[in-house]
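Input sequences plus hints: build the corresponding full structure.
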Amino acid sequence: MSKQLKDLVLELFTENDLEQYGLAVSEADGLLRLAGTVPTWELVVRAGQLAGSLPGVRSVVNEIGATSVEPAPYKAPPGDPSVIGTADIVIIGAGVVGTAIARELARYKLDIVLVEKDSDVGCGASRANNGMVHSGIVQEPNSLRSKLNVRGNAMFEELCRELDVPFKRCGLIGLVFKEEELILLDLVKARAEADGIPVEVISRERALAMEPALSPETKGAFLAPSTAMTSPYKLTIAYAENAVTNGVRLFLNTEVTAMEEKDGRVCKVITSRGSFNTRFLINAAGIYADRIAAMTGEPEFTLHPRKGELLIFDREKTNDHAAMATGLLAIGLDPHTKGGGTMFTMDGNPEWGPTAQETADREDTAVTAAGINRIIEKFNPLLPGYDPNQSLINFFAGIRAATYTEDFHIAPSSRLKGLINVAGIQSPGLVAAPAIAAMVLDLLRQEGLNMDEKEQYEPRRFAPARFKELPVDEQNSLIRSNPAYGHIICRCEQVTEAEITAALHRPVPALTLDAVKRRTRAGMGRCQGSFCLPRVLLIMSRELGIPLAQLTKSGLGSPLFSRQTKEAPPYAKEDWFHAR
Amino acid sequence: MPGEIVVIGGGPAGLAAAAAASDAGCRQVLLIERDRELGGILNQCVHDGFGNLIFGGSMTGPEYAHRFIREVRQRPAIAVLTGTMVLSLARDRRLTYVNRDGVREIQPGAVILAMGCRERSRFQAFIPGYRPAGVYTAGTAQRLINMEGVMPGENAVILGSGDVGLIMARRLTLEGANVLGVFEIAPRPGGLTRNVVQCLDDFQIPLFLEHTVTFIHGKKRLTGVSVAPLDRAGKPDLTRERFIACDTLILSVGLIPENELSRQAGLILDPVSRGPVVDQEMSCSVPGIYAGGNVVHVHDLVDYVSHTARLAGRGAQRFLEGRTPAGRVIMQAGENVSYIIPQSITLPVSETVDLYLRVREARRSVHLKITHQGNVLKQKIERIVRPPEMIHLALEPALLTGLSDGHTVSITVSGGEPA
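So the protein lines, in turn, are chains A and B.
Anchor point for the first sequence: position 33 equals 33 in our numbering, and the numbering is continuous, going up by one each time.
Anchor point for the second sequence: position 4 equals 4 in our numbering, and the numbering is continuous, going up by one each time.
The set of hints was computed from the structure by calculation and includes no laboratory data.
Computed from a predicted model, the values in this text were never measured in an experiment.
The C-beta atom is built at its ideal place from N, Cα and C for all residues, glycine as well.
Heads up, some of the hints might be wrong.
Here are the simulated distance ranges between beta carbons [said to hold, decoys possible]:
no., chain 1, residue 1, chain 2, residue 2, range
1, B, Ala-125, A, Asp-347, 21 to 29 Å
2, A, Asn-482, B, Gly-406, 41 to 49 Å
3, B, Ile-244, A, Asp-347, 32 to 40 Å
4, A, Gly-448, B, Ile-244, 53 to 61 Å
5, A, Asp-347, B, Asp-231, 32 to 40 Å
6, A, Asn-389, B, Ser-414, 29 to 37 Å
7, B, Ile-244, A, Glu-469, 42 to 50 Å
8, A, Pro-384, B, Ser-414, 34 to 42 Å
9, A, Ser-68, B, Ile-244, 51 to 59 Å
10, B, Leu-209, A, Pro-384, 33 to 41 Å
Right, here's the structure in full:
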């Protein structure tokens with residue numbers, strides 16, 4: 001163990017511990033590898049982070065186990081080695097990063113395959129984040145996260161215009177509540193300016209004038225005008241739709257189980273539904289990217305899941321709420337996230353969070369009572385006039401795929417030529433996505449992928465019609481063209497039958513109840529689907545030709561019903577209007 | 001149309017209101033229903049127990065609805081629009097609705113709100129955990145089983161002992177599922193006693209009072225719930241938390257009046273009943289807007305829903321004919337009274353005023369008193385009062401002759417012992 005590392009490790013463990021836990025450290029070429037068994041998951045993470053903070057450490061493979069955590073060895077489903085196709089490039093993972101790369105690559109004369117283990121695109125962190133297009137003010141200077149954040153932020157508005165995705169540059173207000181913290185505002189400004197990010201220190205009065213609901217306890221504030229909001233899952237869906245329109249082949253419910261090499265270069269990727277011969281492989285597998293990377297035979301980094309819980313509130317009573325994105329200064333509060341904040345989703349719902357909680361389980365998307373309380377205790381003081389207990393309508397949690405160096409890991413595999421790892425994409429992964437895609441394209445060029453532009457590439461994608469947001473004359477012309485636009489299915493969000501039907505037949509069709517919900521908002525209002533759920537399912541059954549009893553909430557393993565008890569009602573197959 | 005009354009909602013309240021408005025002399029009643037058929041929630045209530053008060057016999061929900069649908073169909077003044085949704089309602093009664101023919105704006109002479117209520121969700125009840133398939137509100141589960149012919153699951157836990165939750169315990173059992181227990185956060189069941197007996201006791205389904213669900217397990221489909229008894233402070237006692245394996249969680253954690261349009265129209269809402277405040281003719285705080293049934297407050301029996309909706313129908317027609325109020329008396333909820341409907345009485349009073357109230361806590365042998373400035377207007381002894389069961393009182397016009405504008409009448413339910 002290097003002297004430097006040992007000194008650090010001894011802050012955490014005694015010499016005795018080291019022996020007792022069987023802690024072992026090896027280092028080669030900037031890659032630190034840790035092994036042993038410690039009592040708690042917290043110690044596993046802290047050991048990994050200590051290792052990751054050492055100068056010169058490029059990446060950390062943390063194989064320390066925790067006795068408190070039941071080992072859940074990764075079980076890949078059986079792979080199907082029969083070759084079902086050939087591709088110039090296969091992208092693993094249809095989150096915002098994988099779909100962004102697919103869409104950018106689709107400009108070129110390439111045969112592109114995008115595989116996703118889930119039943120829809122954007123089912124991991126891409127759907128479960130707060131949708132904030134960060135300015136980059138809190139990122140470690142010179143980190144990849146910082147550079148790609150700033151670059152991505154500059155690209156975002158145009159991107160959202162091309163893809164017809166909601167975007168609002170509402171800015172961010174950071175607050176301090178103590179006189180002695182006022183100095184922090186200047187520090188934020190100085191640091192941001194060094195990175196080329198606009199930040200303005202504003203007076204308490206100006207902050208309160210901009211946001212009358214802010215706590216009068218506010219002592220001062222900064223304004224980061226480049227911060228914006230988007231809908232993270234709509235962006236992912238738009239990226240995927242545009243990619244598919246431009247020829248990318250998307251395979252859902254398809255899990256990568258192995259890869260094969262020839263002369264040190266990837267030649268084949270095996271999935272649960274068949275194999276592709278390919279010479280280039282992009283690993284954008286989110287929280288599972290370390291396991292994909294390790295399919296080369298050698299792990300290159302380890303991801304540690306960090307959960308973020310978010311609360312969503314009803315659109316009513318928002319007068320007591322700040323009208324634009326606001327966030328609390330995080331310095332000294334929470335080391336691993338900007339500390340979250342209060343904001344509005346693009347659909348106008350107040351949204352608070354996220355938390356930052358290390359967890360051993362990569363799919364621990366449970367919201368805990370403690371998490372809910374933490375969020376309310378942390379953010380209610382910002383907006384003391386708002387009563388979160390009266391307005392809560394949903395909560396969810398996402399998993400950040402953090403490396404132990406806490407930076408993005410975007411690099412060709414050191415083990416296998418043709419494989420590029422795009423990993424550790426935690427916050428600000430959403431805003432960075434377009435910049436990550438550009439960087440990956442550069443890497444592919446360097447790796448020898450031939451990229452000739454297509455004659456026909458359609459950069460624009462158009463969002464489906466949203467009845468509720470249209471003026472009356474346009475609503476009426478929609479209804480004239482298709483009377484199902486006159487049939488409201490979700491009353492809370494005023495979603496029509498035609499919109500649900502459309503979502504089932506888009507370039508990336510919705511196949512599950514949750515997929516319909518993300519595309520149309522049916523079920524996202526204050527009743528949370530208690531009215532529209534049976535009606536949405538009847539439309540899905542009719543359009544997809546799947547019996548009601550076989551529909552799922554979120555794909556394999558999530559059946560909505562146990563059995564059919566009676567014959568389907570006669571109207572199930574008919575157009576509802578003509579039924580009577 | 002100035003002579004027109006628009007009724008929003010074709011469930012039990014809307015049907016009764018439309019018929020009553022027609023009977024009161026309105027020549028043009030438009031009944032708007034969002035679903036493909038009239039009847040509202042009654043269509044999925046295949047159990048019996050409806051109509052004891054109005055028809056003197058117990059019938060199923062669809063049978064009860066059918067009586068009123070027939071009344072509506074028999075009245076030529078009533079036009080019905082199904083598959084039609086009201087999108088907005090303004091203070092001046094301008095409303096827009098949409099159906100397959102397009103979006104239309106109209107401004108009727110009076111509007112009757114009869115949108116009913118909605119169910120509170122798992123999130124509003126702050127139940128933490130995952131978001132798997134297999135978690136349904138009781139009313140949704142009822143529709144799925146009774147109308148769409150699919151079973152939500154085979155091993156169910158029910159949270160909340162409101163009437164819909166109790167009825168679903170029985171319904172799931174009859175359809176072949178195992179109901180592992182009904183958990184109720186309060187010290188007493190939330191539903192009618194008859195439902196506790198007929199839906200739980202008769203099927204030996206255990207009821208756990210002062211318990212709640214503390215966690216929802218399962219990443220894709222529900223695998224179980226954690227439940228815990230409450231401690232003395234009324235918080236879940238996590239040291240006594242236990243896991244119940246199940247594939248279905250049915251939530252009956254409260255109903256809230258449907259308020260979207262009420263808010264848009266700028267109606268004053270009662271923070272306790274959570275619906276618009278009304279007078280004895282079911283007039284809301286904005287002239288020409290009336291409300292009946294569960295949109296005003298959640299009733300225990302559908303018979304009362306129909307009754308208050310009839311009042312609204314008659315009231316709306318009286319408004320069209322020109323009602324001249326001579327003042328307003330405020331009804332004040334006193335000791336052990338949670339809320340009173342109506343919240344005020346408009347003078348002059350020519351007919352008996354029906355008062356509905358709910359108590360805060362269950363008690364035996366209580367003294368119910370209606371007073372004005374210390375003078376007892378009416379009093380009675382109630383053997384037992386319970387929050388789920390509404391108390392109905394009739395105030396004859398003669399009792400109210402001494403009252404004038406700005407006066408307050410208070411109602412108290414005092415004495416007795418905890419039930």
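Here is what the structure says about each hint:
1. B:Ala-125 x A:Asp-347: 21 to 29 Å: Holds - the Cβ-Cβ distance for B:Ala-125 and A:Asp-347, about 23 Å, lies within 21 to 29 Å.
2. A:Asn-482 x B:Gly-406: 41 to 49 Å: Since the Cβ atoms of A:Asn-482 and B:Gly-406 sit about 56 Å apart, the hinted range of 41 to 49 Å is violated.
3. B:Ile-244 x A:Asp-347: 32 to 40 Å: 35 Å, holds
4. A:Gly-448 x B:Ile-244: 53 to 61 Å: Cβ of A:Gly-448 to Cβ of B:Ile-244: about 58 Å, so the range 53 to 61 Å holds.
5. A:Asp-347 x B:Asp-231: 32 to 40 Å: 38 Å, holds
6. A:Asn-389 x B:Ser-414: 29 to 37 Å: 31 Å, holds
7. B:Ile-244 x A:Glu-469: 42 to 50 Å: Given a distance of about 44 Å, which is inside 42 to 50 Å, the answer is holds.
8. A:Pro-384 x B:Ser-414: 34 to 42 Å: Once the Cβ atoms are compared, 38 Å apart, the range 34 to 42 Å for B:Ser-414 and A:Pro-384 holds.
9. A:Ser-68 x B:Ile-244: 51 to 59 Å: The hint (51 to 59 Å, Cβ to Cβ) is violated, given that A:Ser-68 and B:Ile-244 are roughly 24 Å apart.
10. B:Leu-209 x A:Pro-384: 33 to 41 Å: 36 Å, holds
Of the numbered hints stated above, those contradicted by the structure are hints 2, 9, listed in ascending order.
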